[in-house]
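Going down the list, the protein sequences come from chains A and B. Residues 98 to 211 in our numbering are what the first sequence spells out, letter by letter. Residues 34 to 147 in our numbering are what the second sequence spells out, letter by letter.
Keep in mind that a hint or two might mislead.
[What the hints assert, rightly or not] Subject to a maximum C-alpha distance of 20 angstroms in a straight line, what follows is the list of computed SDA-like cross-link-like pairs (lysine to any residue):
1. 104(B) to 119(B)
2. 110(A) to 199(A)
3. 149(A) to 124(A)
4. 127(A) to 89(B)
5. 34(B) to 156(A)
6. 34(B) to 155(A)
7. 34(B) to 199(A)
8. 128(B) to 110(A)
9. 90(B) to 53(B)
10. 90(B) to 160(A)
11. 128(B) to 141(A)
12. 128(B) to 152(A)
13. 104(B) to 118(B)
14. 104(B) to 89(B)
15. 104(B) to 82(B)
16. 128(B) to 124(A)
If you are wondering where the hints come from, they were derived from the structure by calculation, not from laboratory data.
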Amino acid sequence: DAGVTQSPTHLIKTRGQQVTLRCSPISGHKSVSWYQQVLGQGPQFIFQYYEKEERGRGNFPDRFSARQFPNYSSELNVNALLLGDSALYLCASSLGGFNSYEQYFGPGTRLTVT
Amino acid sequence: KNQVEQSPQSLIILEGKNCTLQCNYTVSPFSNLRWYKQDTGRGPVSLTIMTFSENTKSNGRYTATLDADTKQSSLHITASQLSDSASYICVVSAKQTGANNLFFGTGTRLTVIP
């Protein structure tokens, strides 16, 4: 079975632009979480979606938004990019929406803002 | 405040040697503790998950311990290999509903040299 997939692998944008990152969860998983990982730091929680509804949001500005589709795939959108948005964006999927379920991480999307 | 602290920040060892990584947490109420291995630029991969009642769990050459009383965990790597070079992240989940209940350490960067 395929694991969590993310696209694109790498992305270079300039300040002020908008970006959309995509994630496909493991088949059968209904929850997707997004994390931002700055170089040398642990992942920071951005969003969790379960059954197409937002279940939680981390301490990120409104420039960050996400959604989950009927097939449980998800998109993360970031508007008005700042240099500080440069990071590895990780998507994790799990069976359920609570912490008792194991989270499986995708390979990440490396976003560079210049 | 829920926090996870890891030590050391980085570690260099010779191939074939053993090493131990530390994780201290203040997360409460505690649900489980996970150790992840993260290769550079890749998503984290789960090594072990331990609940309150488990004080040791092994996965091949990786052995994790948990002392729920002192809120400490360790990850012991035996007979290290070059492929063990990675960041090791300790993640503690809180026993609460809601999505933002995973607390990440900043990781220990392990380098195994020949």
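Here's how the hints hold up against the structure:
no.	hint	in the structure
1	104(B) to 119(B)	violated, 24 angstroms
2	110(A) to 199(A)	violated, 33 angstroms
3	149(A) to 124(A)	holds, 15 angstroms
4	127(A) to 89(B)	violated, 30 angstroms
5	34(B) to 156(A)	holds, 15 angstroms
6	34(B) to 155(A)	holds, 15 angstroms
7	34(B) to 199(A)	violated, 24 angstroms
8	128(B) to 110(A)	violated, 39 angstroms
9	90(B) to 53(B)	holds, 14 angstroms
10	90(B) to 160(A)	violated, 41 angstroms
11	128(B) to 141(A)	holds, 19 angstroms
12	128(B) to 152(A)	holds, 16 angstroms
13	104(B) to 118(B)	violated, 26 angstroms
14	104(B) to 89(B)	holds, 14 angstroms
15	104(B) to 82(B)	holds, 15 angstroms
16	128(B) to 124(A)	violated, 26 angstroms
When held up to the earlier numbered hints, the structure conflicts with 1, 2, 4, 7, 8, 10, 13, 16 and fits the remainder.
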